[in-house]
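Enquirer: Assemble chain F onto chain Y, guided by the hints.
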Amino acid sequence: MIPVTYRASFSYLLRHPWQLVLSLIGIVIGVAVIVAVDLANSSARKAFLMSMDAITGQATHQVIGGPLGVPESVYADLRVEHGIRQIAPVVDGSISIGGASAQLLGIDLFAEQEIRGFTGDVRSAETDASSLFVDFLVEPGVVTTSEHTARELGLAVGDTLEVSAGGRQHEARLVAVFPDDGNSGLERIVVTDIATAQEWLGQAGWLSRIDARVGDGDADALMRLEAALPDGLQVLSAAGRTRSTADMSRAFMTNLTAMSLLALLVGLFLIFNSVNFSVLQRRGLIGVLRALGLTRRQLLAMILIEAGVIGLVAATFGVVFGVALGEQLLDLVSRTINDLYFRVNVTDVSIEPFSVIKGLVAGVGAALVAAAVPAIEATSYPPQLALTRSTLERRAGRVLPLVTLIGVAGMIAAVILVLISGSDLVAGLTAVFLLILGFALCIPLVVRAASTIGAPLAGKIGGSSARMAVAGVASGLSRTAVAIVALAVAVSATIGVSVMVDSFRGSVSQWLEQTLRADIYTGSLREGAMDPALIEAIRKLDGVETISTRKRASLEDANGRTQLRVFELPPAAFDGFEILDADPAEVWLAWEHADTILVSEPYAYQNQVGAGDRLTLPTDFGPRDFRIAATFQSYDINASAVTMSRATYARHYRDDSIDSLGLYLADSADIDSVIAAVEALSADGPRLYVTSNEGLQTESLRIFDRTFVITDVLYWLTLGVAFIGILSAMVALQLERAREFATLRALGMTPVQVGGMITAQTGVIGLLSGLAAVPLGVVMAYVLIKVINRRAFGWQIDMTVAPDILGVSVLFAIGAALLAGLYPAWRAGQSQPAIAMREE
Amino acid sequence: MPGTPIEIQLRALSRRFREGEREHVVLDGLDLDIQQGETVALRGRSGSGKSTLLNLVGGIDAPDAGTVTVAGVDVTSLTEHDRTLFRRQHIGFVYQAFNLVPTLNVADNVRLVLELNQVPAVKASSRIDKLLAAVDLADRAGSFPDVLSGGEQQRVAIARALAHEPAVLLADEPTGNLDDTTADGVLMLLDKLVRDSGRTMLIATHSQHVASHCDRVLELHNGKLE
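For the record, the sequence lines run as chains Y and F.
One point on numbering: in the numbering used here, the residue at position 34 of the first sequence is 1203, and numbering is uninterrupted.
One point on numbering: in the numbering used here, the residue at position 102 of the second sequence is 103, and numbering is uninterrupted.
Bound-form chain F, shown alone:
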């Protein structure tokens, strides 16, 4: 898609972890451009650095070297506080283990990010209704996560991740805890919602099947993208 703006740009990105005396290089001078609206799968073995890369893009972690630019903002130049505010506005997360807040019901789990972004209550309620309808959970708004199935929980997590209309959606093994049928459903839903809203998505996954839904597939191997 020539002419489409770059949404995520990595330049010479490195991240190392120290384990006692040993230094473990997880990401080694990565360069990457992801265009707006593109969906990219990030594949690699366990420990290859997929989650680390997602954390760096989301501003959860900071690199040892290099830059991460998301939606035109150099995330690596921000303070921790500003990274938090940036993440709050521009990033949506979907995790393997769903990570819903167990003490909040479905609607409130979605409302949480809207409230953090100071979306007015009436507008927030309307958006929650729409999103829950979109993920087919309109009738479970008052339910708590512990009574939902894995697929339902992940659909709530997707609604939560998209509620504040982030520029970028980061998904870390979003179907890793689900059976094949459920995983398929969740994947279709995620794909549809992301594409319909024109958002950029980066998915870390082991699965070839998941990767096949994406526009582009990248392999992370020995700290390098292939």
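One chain only, chain Y, in its complex shape:
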């Protein structure tokens, strides 16, 4: 049975259901955002790992080569000449089927049993494992896929389908499906014979890799495999490759988690606010209970248990909403991961018990932390019957300097943490939170000063109602401060994130303008090289003065993956690279003639290298040292990049493929005409993209904007939490001041006047929140740009503060506060003076 003291306490909450609901909503949204981000992140990561696990199968190691892959002949040599059996060739790449992206896995069914079980486990009436062998061997364009994928794509066994690969359309036939038994790792994987995959992906004679199964600790087998490989090929651990790819997105996921924690931080202020209010409003009850013999410890336990129960109930709802929200965020997260890092197919959120527990712990923990201060304060009440409001406000006023001092200490700690933590991202994010908390603690003192100074001025302008409205903010600081802080923190987060995104966009836009020097860009739509004959034809087109070529490649060794860009550049394009740490003239002099490379600024930052350093890269002739001639500014979405000249590339890699061109036109040439000519030339071949310089810039910025959609969603949710907070604070304030309003009504104030006074006060609260948010927001933007983005992605961004962002944010704060004040204002206006007096 619940003790009477607890019933007395809980009944109070149940008698004020709206206040209870509002305080619950703060935690619900905070927990929901955390759970949603966590589930979206973990689902995307899990989907990737499961997919890699399914594709890797029993393979423990993978033989990989240079940019083109592994020569097909190597596989035959390993099997025939060296007698290595537990290996299987793989050709893989991206395809699309009816607009849906999928991964094509080209395999050799004879070798598959050694590595992947699922490919032989077909399930259909007409096809068994042996007939599948025959189909794969004799019929080109035969594919299988999982039952789930077939269902999802609306395919049945025997159907023909159009597959888009390497810029061309190919006809395929689904001859069988294999069971997935709930294994989502097999989603959107289409299996075909290796020859078909090579043809479709334009990889004739080449394999993407050779999968190998080496027994645990069988060092001899591994050494035998390594010894049998020609120069330029290497054996890497399959698990290590998967892990290093998955880890590429870690910084992105950490940033999202930090954003979700920000929502909880704002929620924390709200819980503090609501617990604080409920304690203040029950000070009479607390006084009675204390007088009757409730000890301080019992009182503390009572308030904390109450907060814990509220936290648990709210966190449970938060988890439920979090799962639903996670479904929505998953699409945004996986799209961004696809844009930035690696391909991942994920359609359903997988509910991780750990994420649910984290959400519950965060909700209950936040409620307890937020309740701790008011609970401790309540135990300090003498067991007298009613502390007067003036006593409470005096107390609040007395602790204000100490609170401000702690805030200043928090901000100093944030600066020190940034200075001593090197490039550690988590330390950087911790510093951001310290900064927010520190600044937040300084806000009440500033608010008191502003309100005290502003009250006489308001009186002169708007009379006694206006003076009471402004002065009420300071005189009720114990109630108004937390609401102001919560709104200010939320608005400052929007300023910080908006200024960061705006600055980033500005820098990227400027960089694109500088980097993209050609008039037209064209290239293969998906992975795959352009036809050399087509390149020559384009080079000879009327109006084309010169061209630049580009090849994207991914180099891999035991240390991970390095994105390589290979350029053949006309001198006109040199200016497109902003050289940061060397003399450009010297850099371009050595560009083609020596084994030099350029590294992008993010790559240089993340790998701590710069001009003059040497970098070892895997080549077709084994690992080679390259001299870094310079670092150049880059906001390439793939973050890390090494750039080398075509001439240097040709000396180290047996690959003359080109995947895109930049066309430099004569002054007299018409861009649209040349684009039409290129399209006409490529009409019969693989599909190409052809776009003007302006078009490419627009498309790049569109992708940029897309990657920040999730950030937008998160900060709107944070603002939602703040809005609920201020609404909750205003309602509670109105309850608290019922007698004061009743007195004013009794003295002759009309409902409109009382309502107007409350509205004016909420407006002042909004204004002060907005003004307080500006400096915090700008500082937050600075830290996000110079510390967080730098540490997470290596980007160096020029900070620009657009005045309209600040203005809109302040207006938003005022608007949100006014909106939140409408109901309390109406309610206060409607209350009957006699009833209000009697209730008190």
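For the record, the hints were derived by calculation from the structure and aren't laboratory data.
Mixed in with the good hints, there may be bad ones.
Unchecked claim - Across the chosen pairs, the derived CB separations fall in these ranges:
#, chain 1, residue 1, chain 2, residue 2, range
1, F, K124, Y, V1478, 28 to 36 Å
2, F, N178, Y, V1478, 33 to 41 Å
3, F, G21, Y, P1920, 37 to 45 Å
4, F, G143, Y, V1478, 22 to 30 Å
5, F, A63, Y, R1466, 13 to 21 Å
6, Y, V1478, F, E166, 27 to 35 Å
7, Y, S1519, F, P121, 49 to 57 Å
8, Y, S1519, F, A122, 42 to 50 Å
9, Y, V1572, F, A63, 26 to 34 Å
10, Y, V1478, F, P121, 21 to 29 Å
11, Y, A1618, F, A122, 49 to 57 Å
Claimed, not checked - Among chain Y residues calculated to face chain F with C-beta under 10 Å, some are:
#, residue
12, P1172
13, A1177
14, S1180
15, Y1181
16, L1183
17, G1453
18, L1454
19, G1456
20, V1457
21, R1459
To be verified - If you want the ones that stay clear, here's a sample from chain F, every Cβ over 10 Å from chain Y, calculated:
#, residue
22, H25
23, V26
24, L33
25, E39
26, D65
27, A135
28, R141
29, E174
30, S208
If you're wondering where the values come from, they're calculated on a predicted model, not measured in any experiment.
Even for Gly, the Cβ is constructed at its ideal location relative to N, Cα and C.
Expert: Quick look at chain F alone, frame taken from chain Y:
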């Protein structure tokens, strides 16, 4: 009543309050003995220190100097925590403004102190029934305070104050919020229950009428008892 033990003993009791730079002496070296079973009225003007004295006797407040001994316990030597436990067991309060817990019904308001004193549930229920019958509110056990009249609320407060059988009952203007007729009824009831159970009562009051019900009347004036 010679030979009757002393229930409340004050020695050189002083309490001062600071108001900015000014120090306000509310109680100035009080000495007082109240015997077990005695009812004493404490009279004085507003602000004379009656409530302060009750708070000191009840262990709600601590003196600046002097001692308060109640039921043989030196209350002033106790820690705040021990004063709370002492108050819980030995003191019953009746206030002018009733101070019932609005979120609890009549029975639960009485049960509250019994639960704090860890009285077993069955015994507690039986005592609540008896007390509510004694204050003539047996049929209102399930009602909440906001539907009771002032007199009824004060009768619940009296039941609550006596529920845990305290040694001392402290009443601060117990009839101050009631009309004369109701006040009379409440006073008679309080007097009867206290005397029947042999408890000691200290009442702070303005009222001569209330004071006349007591064995002894003390005047508090300029911090001194007269």
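Enquirer: Classify the hint on Y:V1457 as holds or violated, based on whether any CB of chain F lies nearer than 10 Å to its CB.
Expert: holds, 5 Å
Enquirer: Within 33 to 41 Å or not, the Cβ separation of F:N178 and Y:V1478?
Expert: holds, 35 Å
Enquirer: In this structure, is the beta-carbon distance linking Y:V1478 and F:E166 contained in 27 to 35 Å?
Expert: 34 Å Cβ-Cβ, so the 27 to 35 Å window holds.
Enquirer: Decide, holds or violated, for the assertion that all CB atoms of chain Y are farther than 10 Å from the CB of F:E174.
Expert: Per Cβ check, F:E174 is outside 10 Å of chain Y; nearest 12 Å; holds.
Enquirer: Range first: 28 to 36 Å. Now tell me if the beta carbons of F:K124 and Y:V1478 are that far apart.
Expert: holds, 29 Å
Enquirer: So does Y:A1618 sit 49 to 57 Å from F:A122, Cβ to Cβ?
Expert: Hint holds: Cβ distance 55 Å, inside 49 to 57 Å.
Enquirer: Taking 49 to 57 Å as the stated bounds, is the beta-carbon spacing between Y:S1519 and F:P121 within them?
Expert: holds, 52 Å
Enquirer: Classify the label on F:V26 as holds or violated, using whether its beta-carbon is more than 10 Å from each beta-carbon of chain Y.
Expert: F:V26 is indeed farther than 10 Å from all Cβ atoms of chain Y, at 20 Å.
Enquirer: Is it true that the C-beta distance of Y:V1572 to F:A63 lies inside 26 to 34 Å, as the hint says?
Expert: Given a distance of about 28 Å, which is inside 26 to 34 Å, the answer is holds.
Enquirer: Given Y:G1453 as an interface hint, is its Cβ closer than 10 Å to any Cβ of chain F?
Expert: holds, 7 Å
Enquirer: Identify whether the interface hint at Y:L1454 stands, where standing means a beta carbon of chain F within less than 10 Å of its own.
Expert: It holds, given that the least Cβ distance between Y:L1454 and chain F is near 6 Å, below 10 Å.
Enquirer: When the nearest CB of chain F is found for Y:S1180, is that gap smaller than 10 Å?
Expert: This interface hint holds because 3 Å falls under the 10 Å limit.
Comparing the model with each numbered hint stated earlier shows that all of them hold.
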